[in-house]
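K.L.:
All chains, please: the whole structure from these sequences, using the hints.
One line per chain: the protein sequences are A and B, in this order.
Everything in the first sequence is counted per this note's numbering, starting at 4 for the first residue and increasing by one.
Everything in the second sequence is counted per this note's numbering, starting at 4 for the first residue and increasing by one.
Warning: the hint list may mix true and false statements.
Any copy will do: because identical chains look the same in the list, a pair fits if it lies in one copy or spans two.
DSS-like mimics (lysine-lysine), calculated; alpha carbons at most 27 angstroms apart, straight line [what the hints assert, rightly or not]:
#1 284 with 164
#2 238 with 270
#3 239 with 270
#4 255 with 383
#5 236 with 270
#6 164 with 236
#7 255 with 34
#8 182 with 270
#9 34 with 284
#10 29 with 284
If you are wondering where the hints come from, they were derived from the structure by calculation, not from laboratory data.
Spelled out, the chains give:
2 protein chains.
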Amino acid sequence: MSRKKINIGLFGFGCVGQGLYDVLSKTPGLKANIQRICVKTKGKTRSIAEHHFTFDAQDILNDPAINVVVELIDDADAAFQLVSEALRKRKAVVSANKKMIAEHFQELLTLQETYQTPFLYEAAVCASIPIIRNLEEYYDNDLLESISGIVNGSTNYILTKTGSEEISYQDALKEAQAKGYAESNPELDTGGYDAKYKLQILVAHAFGLIVKPEALYHHGINELGPLELNYAKEKKLKVKLTANAFRNQSGKISAFVVPQFIRPEEKLYQVDDVYNAVVTKTAFADTQFFSGKGAGAHPTASAVLSDLSAITYDYRYEYKKRGSNDSLEQDQAIKLRGLLRFSVQDASYYARHLNTIEESYANQEEGYFTGEIGLNNLRKLQQERKGNFNFILLSKN
Amino acid sequence: MSRKKINIGLFGFGCVGQGLYDVLSKTPGLKANIQRICVKTKGKTRSIAEHHFTFDAQDILNDPAINVVVELIDDADAAFQLVSEALRKRKAVVSANKKMIAEHFQELLTLQETYQTPFLYEAAVCASIPIIRNLEEYYDNDLLESISGIVNGSTNYILTKTGSEEISYQDALKEAQAKGYAESNPELDTGGYDAKYKLQILVAHAFGLIVKPEALYHHGINELGPLELNYAKEKKLKVKLTANAFRNQSGKISAFVVPQFIRPEEKLYQVDDVYNAVVTKTAFADTQFFSGKGAGAHPTASAVLSDLSAITYDYRYEYKKRGSNDSLEQDQAIKLRGLLRFSVQDASYYARHLNTIEESYANQEEGYFTGEIGLNNLRKLQQERKGNFNFILLSKN
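P.N.:
Spelled out as structure tokens, the structure:
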């Protein structure tokens, strides 16, 4: 098969953009050349010669010599405009922008089809783990039952530090930002939004179900307190932020992002620092496990590189499962077993929302219940956020 | 993309063949129909109706309605004849026969190209782990530095039992055979041959280097004795049979199969029973880790299923890295740090073959050295097999 030569127009020259430049310089076999780089801020000192740069997106979008656009900017709205315009001009696009992809999934799909142009985004989910490609190509049949994992490197880094190293949440967050692992707005990571965007993308490729990210429940780690951390420590558990999607017995799909207690015998227990991991379960082959670095300039750039290489072979996602009759399970049918933390004066209010209470604990200020709760009630509690509320999953029922 | 409807001619109805039948019956989305099954033994009671079966291979090979051949028989020579003939008749082929594939790699490649017909064999390496597909599609660039892992489920099952459960080697082997995890000739597994065939296939897809399996050093687990098992126990190590391939600083490829001591902090430590696992290391993204069931009817059949699905989309391996100038590293340039066991009277003979000796131990019958040895010397020792010889890798130098 002959390989297409690619001339890249790159948007963004932050962490990952510079990483891509490094990686491409070490892969002469891939005939890829960065023709132009569009950046926002003028007058910054940059590591490569000035003539590569432009401040006008049209210099890339209107250049007929550029056949591939790599979009690595922060602003999801601006990114969507650039990516849409590039696809309309039949330039193949590679992006790592999960927020943009998740929020505009259907529109981007329509653009790919209308203009018969590839749009690849392996780097958007779990950086160096080739999970989207595997869902597209290997799990393209009816046997996939569930997919779950740690999909946000920044929160996993923070949780590793607050867990085993007992560093405070704030210090761990600062460290993650200093190392370039966290989004510029840390709430995107710690609030669970980033993981939710990735889950939206995973659900689309795993089950062919395209939903708006808002439809998926998410609960971040930014309210994690000493009570839960102590509970984990005493019971030799770790806390991880997990994304989960599975087919219920009814055939419908449940999908949510929650902090979760992980037991030592579980595969995710060993996944620390900025590593991400995904566990897939299929009807006949039990579980498969994939892990790798989920954040950082070079791991993300490596995933971009694989997409670029795929484009030289005219690879496109086929979204093979789309059109299946899948739909999201209703909230009240999803039962979660977890730990619910509250301020002592709100104990009876929280008790009312649980289906069962297994254990209860309280000191003079706060307490917790463990037990089963419906996702409808959990969503309600999260909206009302009465007192000192938090939730951590123990197991999926 | 429209999907091709596939009519399967199946050779072999053992463990995996029956597994495939089960799996296909649960995947209506894949338009695949088993038209005919060719088996060897007459008069056996089989789980499906007799009219499906034939004893004449030509009933499949000459049937123009059959467009895909699935080869799941034991005999590698017979398998090669069937697969060659099917490819010459432009029938796509799926196989799980690593011995056949490794021994005839170049011929099978030529047949695929001459007849422009796909030949897929994901099930041949690590069953349920999609490693070949990932090497072909995701690691198709210059950045892959090494691939290593546990690629034989049967020996891993045995080593798990002899290790933590302290069951004798013979009983563990019997158990593995009873569960259908071991080849009908157990020496193929325990002698390291099966792992070597898989390594040959991995090296071809990882580095584009096609070698004869004989060129790769392999050392099995069938001489594992109490001295080494006790060494592992005392030092909290596990013994695993690992396949290893990596690019040296010289740019050449080293590849070998050896029993290896694994430390608790290594990823392979957690991989027990019939699970297989592969660790890939790339220049910019550190390591990725894949694990899943590596033996058993249904995990293997699931991999066959994914190949069948790929055929409906006209997928073919591209062998993209072939034609690179890679060659195998010379034996004397490959230095291994390991434990070498011997009968006491042979101590000085063995000492002469080591580059360095770190530790030595002896009781009245046997002893060991730990230290560095060149692969040329290890090969010589293995051929001469003086006294009570065994080798276990401690680390790659």
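K.L.:
For each hint, tell me whether it holds in the structure or not.
P.N.:
Each hint, compared with the structure:
1. 284 with 164: This pair counts as between: shortest inter-copy Cα distance 25 angstroms, intra-copy 29 angstroms.
2. 238 with 270: Result: close both inside a copy and across copies, 17 angstroms intra and 24 angstroms inter.
3. 239 with 270: both (15 angstroms within a copy, 20 angstroms between copies)
4. 255 with 383: Answer is within: at 22 angstroms inside a copy they meet the 27 angstroms cutoff, but 61 angstroms across does not.
5. 236 with 270: both (18 angstroms within a copy, 23 angstroms between copies)
6. 164 with 236: within (13 angstroms within a copy, 31 angstroms between copies)
7. 255 with 34: between (44 angstroms within a copy, 23 angstroms between copies)
8. 182 with 270: both (26 angstroms within a copy, 24 angstroms between copies)
9. 34 with 284: between (37 angstroms within a copy, 22 angstroms between copies)
10. 29 with 284: between (36 angstroms within a copy, 15 angstroms between copies)
Checked against the numbered hints given earlier, this structure breaks none of them.
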